[in-house]
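K.L.:
Each chain is listed here by its residues.
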Amino acid sequence: EAQVTQNPRYLITVTGKKLTVTCSQNMNHEYMSWYRQDPGLGLRQIYYSMNVEVTDKGDVPEGYKVSRKEKRNFPLILESPSPNQTSLYFCASSPRDRGRLYSNQPQHFGDGTRLSIL
Amino acid sequence: AQSVTQLDSHVSVSEGTPVLLRCNYSSSYSPSLFWYVQHPNKGLQLLLKYTSAATLVKGINGFEAEFKKSETSFHLTKPSAHMSDAAEYFCVVARNNNDMRFGAGTRLTVKP
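So the sequence lines, in the order shown, correspond to chains A and B.
Counted from 1, the first sequence has number 53 at position 53 by the working numbering; the numbering is strictly sequential.
Counted from 1, the second sequence has number 3 at position 3 by the working numbering; the numbering is strictly sequential.
No wet-lab data here; the hints were simulated from the structure.
Since we're looking at a predicted model, the values are computed, not measured.
Even glycine gets a Cβ: it sits at the ideal position worked out from N, Cα and C.
Some clues are possibly wrong.
[Claimed, not checked] Residues from chain B that face chain A, not an exhaustive set, calculated with beta carbons under 10 Å:
| id | residue |
| --- | --- |
| 1 | S9 |
| 2 | V11 |
| 3 | S12 |
| 4 | Y29 |
| 5 | S32 |
| 6 | K42 |
| 7 | G43 |
| 8 | Q45 |
| 9 | K49 |
| 10 | K58 |
| 11 | F63 |
| 12 | C91 |
| 13 | N97 |
| 14 | D99 |
Generate coordinates for the entire structure from the input sequences, incorporating the hints supplied.
P.N.:
Here it is, written out as structure tokens:
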């Protein structure tokens with residue numbers, strides 16, 4: 001089954017304790033991204049990756065890091081989490097558009113990770 | 001620059017009645033427009049996508065949306081609501097996957 005898998009689904013932790021949220025897709029997609037969802041704000045992009053070893057900042061990258069060492073995995077790292085990073089996080093992937101630098105294909109989303117930073 | 005406004009944060013309908021979820025957008029180029037649905041504790045699922053072909057776009061589960069350039073709108077409709085349609089719906093305007101704007105969402109409630 002084609003899917004995007006995020007782990008953990010839920011996490012409560014404390015300020016300053018480094019954490020990693022994993023994301024894996026089995027569709028051989030080139031493009032992956034991370035979003036956070038906050039009430040009344042919709043989804044905002046944190047980071048994206050167009051392919052292995054190619055990552056770039058989205059709209060709200062402060063306090064986050066990512067890596068793309070393998071095509072299927074795109075972990076989100078919070079080096080020193082703070083309470084304002086309490087949110088619902090989604091990973092998404094999509095195939096590239098042939099002949100185009102940027103993809104405009106619909107994205108496949110994971111089921112989300114709810115982070116609470118105390 | 002681009003932006004999207006979902007005009008209703010919450011819509012409530014009775015089962016079997018029509019659904020209308022409103023979306024207005026602003027874009028300095030010809031955008032792609034999407035509607036996604038989010039069921040509780042789930043990720044977003046694509047309902048439909050507009051990319052400058054037919055202005056009336058048919059999606060899954062009986063939903064459709066009409067692109068109206070003169071009104072800068074992309075409203076989502078369904079003739080007859082089912083209980084399973086209760087969810088949150090997001091309108092998205094995009095230049096590409098690196099340049100997307102999500103609306104704040106509309107929560108649809110379906111009453112028996």
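K.L.:
None of the hints should be skipped; say for each whether it holds.
P.N.:
Here's how the hints hold up against the structure:
no., hint, verdict
1, S9, "holds, 8 Å"
2, V11, "violated, 16 Å"
3, S12, "violated, 18 Å"
4, Y29, "violated, 12 Å"
5, S32, "holds, 5 Å"
6, K42, "holds, 5 Å"
7, G43, "holds, 3 Å"
8, Q45, "holds, 7 Å"
9, K49, "holds, 6 Å"
10, K58, "violated, 15 Å"
11, F63, "violated, 14 Å"
12, C91, "holds, 9 Å"
13, N97, "holds, 5 Å"
14, D99, "holds, 8 Å"
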